[in-house]
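Visitor: Protein chains in written order, with the numbering used here: chain A, 13 to 507; chain B, 13 to 507.
Incorrect hints may have been included.
Note: identical chains are not told apart, hence a pair may lie in one copy or across any two.
Said to hold, decoys possible - Quick list of in silico lysine-lysine cross-link-like pairs, DSS-like style, CA-CA up to 27 Å:
#1 K25 to K113
#2 K142 to K119
#3 K406 to K219
#4 K25 to K119
Rather than coming from a laboratory, the hints here were simulated on the basis of the structure.
2 protein chains.
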Amino acid sequence: MTFYSKLEQHYQKLSRLAHLNAICGWDQAAMMPEGGNQARSEAMAELAVMHHEQATAPELADWFAQAERETLTAEQVTSLKEMKRSWQINNLLPTDLVEEKSLAGSKCEHAWRSQRAANSWHEFSLNLKKVVELARREAQIRAEATGLSRYDALLDLYEPGMTTAELDKLFSEVKSWLPSLIHQVREKQGTEKVSTPAGPFPIEQQKSLSVDVMSKLGFDFHHGRLDVSVHPFCGGVPTDVRITTRYDENDFTSALMGVVHETGHARYEQGLPAKWRGLPIGEARSMGIHESQSLFFEMQLARSEPFMEILAPLAAEAFDRSNDSALSSANLTLLNTRVKPGFIRVDADEVTYPAHVILRYEIERDLIEGHIEVADIPELWDKKMTEYLGLSTKGNYTDGCMQDIHWTDGSFGYFPSYTLGAMYAAQFMAAIRKEMNVDNLIRERNLQPIFNWLDKHIWKKASSVSTDKLLIEATGERLNAEHFRNHLVERYLKS
Amino acid sequence: MTFYSKLEQHYQKLSRLAHLNAICGWDQAAMMPEGGNQARSEAMAELAVMHHEQATAPELADWFAQAERETLTAEQVTSLKEMKRSWQINNLLPTDLVEEKSLAGSKCEHAWRSQRAANSWHEFSLNLKKVVELARREAQIRAEATGLSRYDALLDLYEPGMTTAELDKLFSEVKSWLPSLIHQVREKQGTEKVSTPAGPFPIEQQKSLSVDVMSKLGFDFHHGRLDVSVHPFCGGVPTDVRITTRYDENDFTSALMGVVHETGHARYEQGLPAKWRGLPIGEARSMGIHESQSLFFEMQLARSEPFMEILAPLAAEAFDRSNDSALSSANLTLLNTRVKPGFIRVDADEVTYPAHVILRYEIERDLIEGHIEVADIPELWDKKMTEYLGLSTKGNYTDGCMQDIHWTDGSFGYFPSYTLGAMYAAQFMAAIRKEMNVDNLIRERNLQPIFNWLDKHIWKKASSVSTDKLLIEATGERLNAEHFRNHLVERYLKS
Ligand SMILES: [Zn+2]
Ligand SMILES: [Zn+2]
Numbered sequence: 013m014t015f016y017s018k019l020e021q022h023y024q025k026l027s028r029l030a031h032l033n034a035i036c037g038w039d040q041a042a043m044m045p046e047g048g049n050q051a052r053s054e055a056m057a058e059l060a061v062m063h064h065e066q067a068t069a070p071e072l073a074d075w076f077a078q079a080e081r082e083t084l085t086a087e088q089v090t091s092l093k094e095m096k097r098s099w100q101i102n103n104l105l106p107t108d109l110v111e112e113k114s115l116a117g118s119k120c121e122h123a124w125r126s127q128r129a130a131n132s133w134h135e136f137s138l139n140l141k142k143v144v145e146l147a148r149r150e151a152q153i154r155a156e157a158t159g160l161s162r163y164d165a166l167l168d169l170y171e172p173g174m175t176t177a178e179l180d181k182l183f184s185e186v187k188s189w190l191p192s193l194i195h196q197v198r199e200k201q202g203t204e205k206v207s208t209p210a211g212p213f214p215i216e217q218q219k220s221l222s223v224d225v226m227s228k229l230g231f232d233f234h235h236g237r238l239d240v241s242v243h244p245f246c247g248g249v250p251t252d253v254r255i256t257t258r259y260d261e262n263d264f265t266s267a268l269m270g271v272v273h274e275t276g277h278a279r280y281e282q283g284l285p286a287k288w289r290g291l292p293i294g295e296a297r298s299m300g301i302h303e304s305q306s307l308f309f310e311m312q313l314a315r316s317e318p319f320m321e322i323l324a325p326l327a328a329e330a331f332d333r334s335n336d337s338a339l340s341s342a343n344l345t346l347l348n349t350r351v352k353p354g355f356i357r358v359d360a361d362e363v364t365y366p367a368h369v370i371l372r373y374e375i376e377r378d379l380i381e382g383h384i385e386v387a388d389i390p391e392l393w394d395k396k397m398t399e400y401l402g403l404s405t406k407g408n409y410t411d412g413c414m415q416d417i418h419w420t421d422g423s424f425g426y427f428p429s430y431t432l433g434a435m436y437a438a439q440f441m442a443a444i445r446k447e448m449n450v451d452n453l454i455r456e457r458n459l460q461p462i463f464n465w466l467d468k469h470i471w472k473k474a475s476s477v478s479t480d481k482l483l484i485e486a487t488g489e490r491l492n493a494e495h496f497r498n499h500l501v502e503r504y505l506k507s
Numbered sequence: 013m014t015f016y017s018k019l020e021q022h023y024q025k026l027s028r029l030a031h032l033n034a035i036c037g038w039d040q041a042a043m044m045p046e047g048g049n050q051a052r053s054e055a056m057a058e059l060a061v062m063h064h065e066q067a068t069a070p071e072l073a074d075w076f077a078q079a080e081r082e083t084l085t086a087e088q089v090t091s092l093k094e095m096k097r098s099w100q101i102n103n104l105l106p107t108d109l110v111e112e113k114s115l116a117g118s119k120c121e122h123a124w125r126s127q128r129a130a131n132s133w134h135e136f137s138l139n140l141k142k143v144v145e146l147a148r149r150e151a152q153i154r155a156e157a158t159g160l161s162r163y164d165a166l167l168d169l170y171e172p173g174m175t176t177a178e179l180d181k182l183f184s185e186v187k188s189w190l191p192s193l194i195h196q197v198r199e200k201q202g203t204e205k206v207s208t209p210a211g212p213f214p215i216e217q218q219k220s221l222s223v224d225v226m227s228k229l230g231f232d233f234h235h236g237r238l239d240v241s242v243h244p245f246c247g248g249v250p251t252d253v254r255i256t257t258r259y260d261e262n263d264f265t266s267a268l269m270g271v272v273h274e275t276g277h278a279r280y281e282q283g284l285p286a287k288w289r290g291l292p293i294g295e296a297r298s299m300g301i302h303e304s305q306s307l308f309f310e311m312q313l314a315r316s317e318p319f320m321e322i323l324a325p326l327a328a329e330a331f332d333r334s335n336d337s338a339l340s341s342a343n344l345t346l347l348n349t350r351v352k353p354g355f356i357r358v359d360a361d362e363v364t365y366p367a368h369v370i371l372r373y374e375i376e377r378d379l380i381e382g383h384i385e386v387a388d389i390p391e392l393w394d395k396k397m398t399e400y401l402g403l404s405t406k407g408n409y410t411d412g413c414m415q416d417i418h419w420t421d422g423s424f425g426y427f428p429s430y431t432l433g434a435m436y437a438a439q440f441m442a443a444i445r446k447e448m449n450v451d452n453l454i455r456e457r458n459l460q461p462i463f464n465w466l467d468k469h470i471w472k473k474a475s476s477v478s479t480d481k482l483l484i485e486a487t488g489e490r491l492n493a494e495h496f497r498n499h500l501v502e503r504y505l506k507s
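Throw the hints in and build the complete structure from the sequences for me.
Guide: So this is what it looks like as structure tokens:
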């Protein structure tokens with residue numbers, strides 16, 4: 013057996029361990045009664061240890077060296093590169109740093125739950141300092157091994173190939189037009205009349221509607237399910253994708269848009285090519301590309317006026333309200349495109365969301381590079397919120413720099429993915445519009461050509477090309493913010 | 013660290029792997045969409061390999077030898093003995109035999125699904141011959157290591173301490189009175205008028221009723237759940253017990269009695285002592301004792317007249333049928349104690365069930381000991397069915413010797429557990445009746461003293477004493493068939 017084949021088998025084995033983790037993790041979030049948590053956490057920690065042992069098995073170094081000398085097809089070369097990337101990510105950190113990180117992260121996150129509620133920045137900052145210190149050590153090690161800058165070395169974990177130089181360019185462009193765009197949209201929307209549909213919307217009916225919409229969006233129920241969890245997510249494995257949502261009896265749109273969002277993530281997973289199953293080359297390209305698929309479904313498709321013409325009658329039927337004008341497609345379109353600056357990122361609309369992301373990016377970049385310290389965060393947060401969204405968070409840590417979970421467990425470099433996803437999605441849609449009349453297709457209830465495009469240009473490529481190449485092959489150009497801007501202007505100012 | 017402690021940690025680790033297996037197995041049966049099956053089976057097979065590697069780790073032999081020389085408390089001595097028993101079970105068979113068994117079992121079982129439907133005994137028997145041959149090899153190896161006879165060595169896997177000599181004695185006693193008892197019961201019931209409640213009984217209402225009854229039976233929903241699967245079972249782990257049922261819109265009693273049965277299994281698991289969690293000493297004593305708990309709940313408690321007085325109004329309320337005389341406690345009692353000889357074991361009532369088990373026991377015992385061959389099975393089956401239940405299965409393999417799944421995968425030695433469970437349950441109930449007025453307690457809706465007795469005498473003992481000792485400590489005598497007979501006479505002839 014070639015060393016390349018041995019590596020393939022090894023990574024398929026790792027993916028089987030990841031499968032067990034995905035299902036037990038889904039169960040923990042969606043099914044498990046509370047009393048099962050301790051034993052579950054212990055069982056999953058054991059699994060993580062076994063995964064780590066396998067992912068860092070000492071023989072792998074030799075296998076990679078040998079495989080690199082074997083005669084391989086171009087596809088195998090790429091597959092090998094992706095296996096090696098995965099191996100290096102797992103191998104670079106010394107075990108004691110991994111453990112220290114895990115402990116500090118758990119501690120910080122656990123305390124954060126109550127500290128956030130109590131607005132206790134000082135206490136929180138003591139834990140966060142430790143987390144940042146360890147993240148800096150990690151960044152230093154990864155930077156030395158990859159030749160990247162420290163923050164870029166972390167960014168690379170989530171968005172391979174993306175750099176601070178690139179992000180600074182993209183985000184400064186967004187910053188140059190975003191505040192004034194928000195202002196204009198707010199002015200325009202001030203004169204629009206929108207009615208809020210009055211609840212209750214029974215959960216069972218919301219569930220039926222969700223399943224119906226998922227089917228229309230091509231979700232394959234033979235290879236996945238929809239359930240409920242406190243924090244909605246897309247989990248499971250490509251042949252069995254588990255998405256979740258959270259229903260609110262008084263508002264059906266948030267759960268429904270959440271379901272559409274997760275359906276986008278799910279279709280990417282379900283669409284990954286079977287031939288590379290279990291191998292890194294067959295996995296989703298990056299967090300940003302993943303988010304581009306969920307945002308394509310949610311923002312590019314579902315919140316558009318033509319799509320609301322599909323959704324509105326489905327909703328009216330599901331809730332048996334054929335005469336409720338609040339459920340008209342016109343009103344639902346207005347409702348689902350409201351723009352309002354707010355404190356909380358996860359509640360933000362499509363237009364203000366990038367401001368939240370850019371703010372976090374700028375702070376975490378400088379934090380990891382050592383240009384600022386944890387103690388500087390609140391003031392910077394307040395300054396940037398005021399500058400980008402006109403809102404001050406002075407003294408309000410709960411709704412300011414303590415609102416997110418990401419930093420508590422040391423996930424620095426993740427935030428940019430959200431806005432990269434929005435930009436990728438807009439660029440993909442612009443490319444699709446050059447090939448077909450999207451609005452007509454939607455009005456004809458014929459989404460298949462759109463899905464085919466995504467399948468061909470994104471899903472079936474998995475990680476076989478770089479993000480850069482994927483963008484160029486799919487859209488003819490590298491990522492740029494122009495399409496995102498055009499999309500926002502078109503939707504929020506012209507219509 | 014002592015070697016004893018090392019062993020404890022090792023077995024706790026094994027129990028964490030078993031946890032992952034239990035949850036992913038539950039998911040596969042109760043949640044997984046069909047398209048997820050291949051990847052799931054591969055992931056679980058990988059887990060089985062890892063479990064086997066850990067369970068047969070080469071250092072364990074030395075650890076056991078060292079631990080046996082350490083100064084241990086009496087409890088530790090027992091715990092060590094149970095760990096060693098588990099280790100020996102896993103270690104005795106050579107790897108190639110384990111693999112051959114697994115392959116032959118899968119092949120036989122897979123083909124059996126269609127062969128059973130087609131009544132194709134000849135084709136089936138070719139696969140079964142291979143399975144029996146491997147089971148005989150296994151039995152031979154286990155017999156040599158334990159000093160037991162071949163069949164006893166397999167029996168010991170499920171019912172440690174039980175022997176053919178003992179079973180022959182118990183079962184020949186049952187055989188001496190069972191056929192005539194069945195005859196008498198049939199005569200008596202021939203004059204009774206029973207009405208079948210008319211459906212439909214909506215699934216949602218059956219589900220509510222099930223949950224309600226489970227709560228009254230003390231099922232802890234903080235540490236477990238109820239779901240649906242094709243073949244009902246009790247799975248999960250002690251702190252998170254997953255039971256399943258299968259609803260039929262036209263008949264609520266079968267699902268409900270199934271739920272009560274699985275609740276008995278579940279309470280045993282939930283009641284196992286926390287101090288021994290993850291260790292063999294802390295596991296259920298045997299398959300027979302496990303079945304005794306489910307049958308205690310189902311047969312001793314739920315199908316009794318006083319309990320039907322609790323169930324009937326709950327059912328009437330759940331289905332909103334306060335005036336349906338078919339849902340009266342008197343009618344439901346009659347309905348749930350019907351006796352009718354039939355071909356199918358899993359559909360059998362409490363009285364005819366032992367006949368099905370004894371028949372299988374006698375055949376598998378002789379098969380493993382080499383006194384008969386696979387080709388002899390159909391004739392023996394027909395002869396025994398005719399003798400015990402007055403039904404001929406000549407030429408009808410589908411409803412005869414091909415009806416069960418157990419032999420297809422080589423689980424010889426398991427069948428006796430069902431009837432042992434029924435006898436243990438009757439003996440436990442007889443002992444409880446000496447201490448308290450069970451019928452009065454049920455009528456007062458005060459089941460707690462009964463549960464406390466089970467908890468003290470069975471659940472909290474786990475595997476810390478032998479089955480024999482457990483019986484003697486709980487009931488003052490060794491297992492005997494007399495209590496089971498008394499129970500049947502009392503319920504089916506006297507009332
Ligand atoms: Zn997302
Ligand atoms: Zn049972």
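Visitor: Hint by hint, say whether it matches the structure.
Guide: Consistency of the hints with the structure:
{"no.": "1", "hint": "K25 to K113", "result": "both (26 Å within a copy, 23 Å between copies)"}
{"no.": "2", "hint": "K142 to K119", "result": "within (10 Å within a copy, 56 Å between copies)"}
{"no.": "3", "hint": "K406 to K219", "result": "neither (41 Å within a copy, 52 Å between copies)"}
{"no.": "4", "hint": "K25 to K119", "result": "between (32 Å within a copy, 24 Å between copies)"}
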